[in-house]
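Asker: Listed below, chain by chain, are the residues.
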Amino acid sequence: MKAKRVMLYLLILGIMISLTGCWNGRELTKLAFVLAMGIDRSPKTNEYKVSFQVVIPGSVATGITGGGGTTTPVVIYTGKGNTLFSAIRNASKRVSRQLFFAHLQLVVIGEELAKQGIQDLFDFFERSKEPRLTTLVLVARGSEAKPIISTLTSLEKIPANSVSGKIKMSSTLLSENFGIEIYDVLRGLVNEGEPIINGVKLTGDPDKGMEKSNVEKTRSAAEVIIQGMAIFKNGKLKGWLDNGEARGTTWILNKMKSTIVELDCKKKKNSIGVEIIRSSTELHVEVKNGEPLFHIHIKEEGNLSEVQCPIDLSNVTVIGDLEKDWEIKTKSEVMSAVKAAQKEKSDFLGFGDAVKRADPKLWEKIKTDWSGIFATSKVDVKVDAYIRRAGMRLKPYMSEQKQKEKRQ
Amino acid sequence: MEKARINANQLFAMIFLFEIGTAIVLPVGFASVQSVWMAILIALVFGIGLYLIYDYLYREYPNLPLSGYIKAILGKPIGWVVNLSLLLFLIHNDARVLRETSELLVTASYDMTPLIVISALMIVAVIYVLSKGVEVIARVAEIYFLIFLFLGLLGFIFILFSNIIEIKNLFPLLSKGWKPVFQAAFPRITMFPFGETISIATILPYLKKSVTGRKTGIFALIASGLILSFSHAIEICVLGPDIYARSTFPLFLMITRVNIADFVQRMDAFVILALIIGAFFKCAIHMYAAMSVAADMFHMEIRKMALPVGITILVASIMLASNWAQFLAMGKEVITSILIPIYGMYLPIFLVIVHLIRKRLFKKS
Chain R
1 MKAKRVMLYL
11 LILGIMISLT
21 GCWNGRELTK
31 LAFVLAMGID
41 RSPKTNEYKV
51 SFQVVIPGSV
61 ATGITGGGGT
71 TTPVVIYTGK
81 GNTLFSAIRN
91 ASKRVSRQLF
101 FAHLQLVVIG
111 EELAKQGIQD
121 LFDFFERSKE
131 PRLTTLVLVA
141 RGSEAKPIIS
151 TLTSLEKIPA
161 NSVSGKIKMS
171 STLLSENFGI
181 EIYDVLRGLV
191 NEGEPIINGV
201 KLTGDPDKGM
211 EKSNVEKTRS
221 AAEVIIQGMA
231 IFKNGKLKGW
241 LDNGEARGTT
251 WILNKMKSTI
261 VELDCKKKKN
271 SIGVEIIRSS
281 TELHVEVKNG
291 EPLFHIHIKE
301 EGNLSEVQCP
311 IDLSNVTVIG
321 DLEKDWEIKT
331 KSEVMSAVKA
341 AQKEKSDFLG
351 FGDAVKRADP
361 KLWEKIKTDW
371 SGIFATSKVD
381 VKVDAYIRRA
391 GMRLKPYMSE
401 QKQKEKRQ
Chain D
1 MEKARINANQ
11 LFAMIFLFEI
21 GTAIVLPVGF
31 ASVQSVWMAI
41 LIALVFGIGL
51 YLIYDYLYRE
61 YPNLPLSGYI
71 KAILGKPIGW
81 VVNLSLLLFL
91 IHNDARVLRE
101 TSELLVTASY
111 DMTPLIVISA
121 LMIVAVIYVL
131 SKGVEVIARV
141 AEIYFLIFLF
151 LGLLGFIFIL
161 FSNIIEIKNL
171 FPLLSKGWKP
181 VFQAAFPRIT
191 MFPFGETISI
201 ATILPYLKKS
211 VTGRKTGIFA
221 LIASGLILSF
231 SHAIEICVLG
241 PDIYARSTFP
251 LFLMITRVNI
261 ADFVQRMDAF
271 VILALIIGAF
281 FKCAIHMYAA
291 MSVAADMFHM
301 EIRKMALPVG
311 ITILVASIML
321 ASNWAQFLAM
331 GKEVITSILI
341 PIYGMYLPIF
351 LVIVHLIRKR
361 LFKKS
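Line order of the protein sequences matches chains R and D. Start counting the first sequence at 1; every next residue gets the next number (the UniProt record's numbering). Start counting the second sequence at 1; every next residue gets the next number (the UniProt record's numbering).
To be clear, the hints were calculated from the coordinates, so they are not data collected in a lab. Heads up, a few of these hints could be off.
To be verified - Here are the in silico distance ranges between beta carbons for each label pair: (1) R:Q308 x D:I167: 27 to 35 Å; (2) R:L13 x D:R5: 21 to 29 Å; (3) R:K233 x D:E166: 41 to 49 Å; (4) D:L121 x R:L8: 19 to 27 Å; (5) R:G142 x D:I167: 34 to 42 Å; (6) D:L121 x R:R97: 45 to 53 Å; (7) R:E126 x D:A329: 15 to 23 Å; (8) R:R5 x D:E301: 54 to 62 Å; (9) R:E130 x D:L121: 48 to 56 Å; (10) D:I218 x R:E130: 41 to 49 Å; (11) D:I349 x R:D120: 46 to 54 Å; (12) D:K179 x R:R97: 39 to 47 Å; (13) R:L13 x D:Y56: 50 to 58 Å; (14) R:L8 x D:L226: 42 to 50 Å.
Stated by the list, open to error - Listed below are the simulated DSBU-like cross-link pairs for lysine-lysine, each with C-alpha atoms no more than 35 Å apart in a straight line: (15) R:K367 x D:K3; (16) D:K3 x R:K2; (17) R:K166 x R:K299; (18) R:K2 x R:K44; (19) R:K255 x D:K168.
For each residue, glycine too, the CB sits at the ideal point set by N, CA and C.
Taking the hints into account, I'd like the entire structure generated from these sequences.
Answerer: Right, here's the structure in full:
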């Protein structure tokens, strides 16, 4: 009886041990982690040409020796196919491990492909369970996607981390762009408006960028920089927003985190820097005679960060004047973004959705010729700017008096 | 009937987990996408109404399970036939719960595992628990109620701090008026999940104090209805109405967007856990109902029905539909619009009417 029971327990133990684990266990050593994906269309065959930035685990692992192998930290593989998924599977001829997308950070779309249209591109990312909706999307500016993801970067060993770091930093410090994820692009495509996608540009020699020597110099031969935002019409790339237009867009979409606005000081142009520390935007729709009128209301707070001219910052009226200048400057940037959008008839500012929310019945009436209405609709911008502090000093070291004396 | 006693807290936990079960993970929105949370609240009112009917019958026959008072009210021969069809319905409905859960698990994470393996593992656990009797499942429910709340709260905190809730996605509310909201609320959401509460009627007679049944049940329904409504509203806020309406598994999709400081992310396991816990209780309670009816019909001991009923459910779940689209179409056209209304609403109402007529006749004689 006892022996029987012992046998039973042994049997249960044996079954338990052999049955644990996954049905299709994929070991870490059998996976190729794709961190960035570049999508182009090859002009001859009209197939998708998909490049994968795969991390080489041995060369990024940092050990006692300081890490870093003799190989590059990543390797690029390319596959072709009529669909993204077939391109991925076709790449297996070249990759000794299974491409694994759960850690995908970047999707870069080649400019040519973006011009042809991105409407159909994102189904794979939705349907497959590996990639996440939080993956960042970029459009390669003036090039294919492949060279962008092939360029090695210093400071961050893995180029994908470098690019996502740049997006994060520039959106929190400069706000000429903001993180745009697959989710945002999808929303842009299916909502009443259009998507907007960050641009990424390769400067320098793309061939040298692929070599390890690119990161062995203090000045890299090739660099990947975040520049501008791509605007679309019916899913096709139509143009780029830069500087003020891009920043105005960030303002309208309430993604403004921090930036530097330059103001004039008397006759000296752009000599005062204001750092935004908080900003919030509200978009209101007012319906007048069956036509929507958009009210953009921005509230921003900032500190003076640099003053290159002699003014008295302890004077309340001086601050008041600066606030007024700042309001005008903000307003003009916001309006430049609106004009850029209206020129291309591309509603990436979410105005259509705002109308739909505010007055669904009106929206039903005007939605068919929305792009025309959008291009001519009136926008009213109101800005409340508050300069709170002037940093560690009140007056600049050069007062007006002193400056005159020294010049003489 | 087995010799068992459950208390009000346990009943509360069981009804709560049963209602939340799979309804929290599936897109129940139907026509009224942005207003789905209102539709759920409206459906909740109807759901409470249905529960009051079940409770009335229970009070009139406090010692009989569902099948028992069907026989008592309709007489033995008719009652037997009604019970047989009720049994088939319960088995079919439970097979759907099992299939639904397995399909979602395969879609979301176990892509290469055959469906039947996942279904079999689930049903084995359910068979085991139910073969130990209703008291065991009640105690398990009590424990898992707390775990479920903890999971839900933690998940909500993650989503809150990821800063991905956009309230404006809920607007325009009522863009097409109240009509689609009411249409979604009745019969669709009223039937799924509230109409399925009929299975609870087989558990009510085990209650220690029969007076607590009404209050406990209504509280459990309100709690689960509010949580369902809230979580679907959050899902729409996070995903937007379009993605919410198109996805097979919106709760899962919502959790994949969690990202706190690039550190707290990939919390998918939370949702998979919630799905498995919820589905386990839904499956178990439906199955217990089926077992109870079967045992009553064939004069068997309830616990011994666990294995045969369980195996039947497993086989039925595989044979139900050949693909997900067919499965969903059946759910829409047959289950929520014909079957659940018949067994969850018309049958109990009919029973009440017959019962009242008989009562009156009896008094007169």
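Asker: Compare the structure with each hint and give your call.
Answerer: Taking the hints in turn, this is what the structure says about them:
Range check, R:Q308 to D:I167: Cβ separation about 43 Å, and the 27 to 35 Å hint is violated. With their beta carbons about 36 Å apart, R:L13 and D:R5 fall outside the hinted range of 21 to 29 Å. Take R:K233 and D:E166: their Cβ atoms lie about 25 Å apart, and the range 41 to 49 Å is violated. At about 21 Å, the beta-carbon gap between D:L121 and R:L8 stays in the expected band of 19 to 27 Å.
Under the hint 34 to 42 Å, the C-beta atoms of R:G142 and D:I167, about 39 Å apart, fit the expected range. For D:L121 and R:R97, the hinted distance range of 45 to 53 Å is not satisfied, since their beta carbons lie about 30 Å from each other. A hinted range of 15 to 23 Å for the beta carbons of R:E126 and D:A329 is consistent with their spacing of about 22 Å. Between R:R5 and D:E301 the CB atoms are about 27 Å apart, so this pair departs from the stated range of 54 to 62 Å.
Taking 48 to 56 Å as the suggested C-beta distance range, the pair R:E130 and D:L121 does not conform, at roughly 24 Å. Taken as a hint, the range 41 to 49 Å holds for the pair D:I218 and R:E130, whose Cβ atoms sit roughly 44 Å apart. Take D:I349 and R:D120: their Cβ atoms lie about 51 Å apart, and the range 46 to 54 Å holds. A C-beta distance of roughly 55 Å is found between D:K179 and R:R97, which places it outside the suggested range of 39 to 47 Å.
Separated by about 52 Å at the C-beta atoms, R:L13 and D:Y56 satisfy the suggested range of 50 to 58 Å. Taking the beta carbon of each, R:L8 and D:L226 are about 48 Å apart, inside 42 to 50 Å as hinted. The hinted pair formed by R:K367 and D:K3 fails the criterion: a straight-line CA distance of about 65 Å is larger than 35 Å. Our distance criterion of 35 Å between C-alpha atoms is met by D:K3 and R:K2, whose separation comes to about 33 Å.
Only pairs whose Cα atoms come within 35 Å are accepted, and R:K166 paired with R:K299 is accepted, the gap being roughly 27 Å. At roughly 76 Å between alpha-carbon atoms, R:K2 and R:K44 are farther apart than 35 Å, so this suggested pair is violated. Proposed proximity of R:K255 and D:K168 is supported: the alpha carbons are some 15 Å apart, at most 35 Å.
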